[in-house]
Structures are given as structure tokens and as C-alpha cells.
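Asks: Here UniProt numbering is used: the first residue of the sequence shown is 1, the next is one more, and so on.
If you are wondering where the hints come from, they were derived from the structure by calculation, not from laboratory data.
Some clues are possibly wrong.
DSBU-like cross-link-like pairs, simulated, lysine-lysine; straight-line CA separation at most 30 Å [what the hints assert, rightly or not]:
(1) K90 to K151
(2) K90 to K33
(3) K151 to K42
(4) K33 to K151
(5) K90 to K148
What follows is a set of in silico ranges between Cβ atoms, one per label pair, in the way DEER data are often shown [claimed, not checked]:
(6) T160 to D204: 18 to 28 Å
(7) Q221 to S45: 52 to 62 Å
(8) L9 to T91: 54 to 64 Å
(9) Q27 to R48: 14 to 24 Å
Positions of the beta carbon are idealized from the N, C-alpha and C atoms, including for glycine.
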Amino acid sequence: MKLNQPTRLTLVQQVVLQFEQLIESNQWPLGQKIPPEPELVKQLSVSRNTVREAIRALVHSGLLDVRQGDGTYVCRTSELGAVLTRRLEKTELRETMEVRYALERQAARLAAHNRTEEDIATLQRYLSEEHDARERGDVALYIEADVKLHKAIVASTHNTLLQELYDSMTDALTHAVASVIDHTTLSSSPVSHTDLVEAIRQQDAGAAETIACSYMNTLQQVLQDAWGGEEKIEYSATSTE
1 MKLNQPTRLT
11 LVQQVVLQFE
21 QLIESNQWPL
31 GQKIPPEPEL
41 VKQLSVSRNT
51 VREAIRALVH
61 SGLLDVRQGD
71 GTYVCRTSEL
81 GAVLTRRLEK
91 TELRETMEVR
101 YALERQAARL
111 AAHNRTEEDI
121 ATLQRYLSEE
131 HDARERGDVA
141 LYIEADVKLH
151 KAIVASTHNT
161 LLQELYDSMT
171 DALTHAVASV
181 IDHTTLSSSP
191 VSHTDLVEAI
201 RQQDAGAAET
211 IACSYMNTLQ
221 QVLQDAWGGE
231 EKIEYSATST
241 E
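Make a model of the complete structure from these sequences and hints.
Replies: Structure, rendered in C-alpha cells:
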């Protein structure tokens, strides 16, 4: 096999790598406005054109978003997330939900196996926020707390690839789910994550998976009732210890 000589990275490529590292390490977290161009030029000791080309490359890959008259924001935390998001935009909601269900089930099992005491403290904090939002009938805060709780469960697996996959699914579904949850749905919904968090705390992987499947069935029914016309799919825990 013929080997090619290694090539040196251009200045633009070096800056792109630095920006990617800042994003992936959460030093530039999702949704944050990155430093203005003059500041980046000064910190990096490179030309404006180099910074602009690097930003343009990351906009093209889906990690950054330039808002005219405002600035540049982090809109994805990885190229994988950006690619998945673009793919999900072309996918039917039903298919997206089915993939998310599979991820939720496995995440519950892995979280029960791998969680730390710090993970449990985080889960209980978000569980409390979710409960408070439900009691107040605050739909927006409930959805925000619900998303944080589910992402924290996935983070408790300590599987970074699973986190990236799940985050992309969640971003694609949050607005869809929010559109069908109102004050009536919130107050009457039987969904509670208390048992799920407790199963994860006790490291009972089987129970965590079963509870996650039950939650997914409830959510699927809520969406079916809201939109209608979809054949219901029952999800159950099938894996064994």
C-alpha cells in the first residue's frame, strides 16, 4: 500500500481545531455567543481572514450559527450532532421517536449500571425542578426540566457517543412534544420520573428499563391522541440481565 506524506495543517485548520476543542470541552457551551472577531484575532495572533475562514468552516459543518447584527453562536456540540440534525429534518417524526425510544431504554439500563453518587444528586435536583413546575402548572419550565432530566440520565451512562446521539434526537423532538403539552395535559398526565430515578439509584437495570419503556408508551399515546391516525406501538423491556 502506498503511503502519502503527512501534510502540515494550515493556519485556518489549526484555528478550526481549536474552536472545535472549545466547543467539545464545553468551554463554548451550546447556545453561547462566541467572542467577537477582533478579540479572537488578538488572542490567536492571526489575521481577520483566518478567523473568518475558520468560522465559515464551522458554520458549514453545522457547529456555529452566524446571526446578522448579533454575533456567532454555538448551535451544535459536535459534527456528528450537526449531521444527525440535518438527517432528522428529513425524517418522519414517528421514525425519530422510535429511535429515541431505543436510546431511552438502553440509557436507563446503562445509567443504572454506571451512575455515580454525583449523577444521582443531579438527577434528583432535576426531578425536583420537574415536580415544582408540574405543581405550578408551568408548561415551559416543566419541559425544560424534563429535557434536563433525560439528558442527565443519558449522561449517567458515561457513554459520550450515546449522549451525542440522544442530544440530537432530543433537539429534534422538543418542539414537537411542546406543541402538544398544555396545562390540562400537564396536570392530568400520569408520567412521573420518580420511580425511574430511584431504580437508577438502586442500580436496578431491569426495573429502570421497564419504567423507561412505560414512560415512552405514555408519551407515544399523548402524541397519538394529539395528532391521531398513527398506529400505536407498544414498547417493552426485552433484554435480560
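Asks: Please go over all the hints and tell whether each is borne out by the structure.
Replies: Tested hints:
1. K90 to K151: holds (23 Å)
2. K90 to K33: holds (28 Å)
3. K151 to K42: It is violated: about 36 Å lies between the C-alpha atoms, which goes past 30 Å.
4. K33 to K151: holds (22 Å)
5. K90 to K148: Holds - the C-alpha atoms of K148 and K90 are around 25 Å apart, at most 30 Å.
6. T160 to D204: 18 to 28 Å: 24 Å Cβ-Cβ, so the 18 to 28 Å window holds.
7. Q221 to S45: 52 to 62 Å: holds (58 Å)
8. L9 to T91: 54 to 64 Å: violated (35 Å)
9. Q27 to R48: 14 to 24 Å: holds (22 Å)
Violation of the numbered hints given earlier is confined to hints 3 and 8; the remaining hints are satisfied by the structure.
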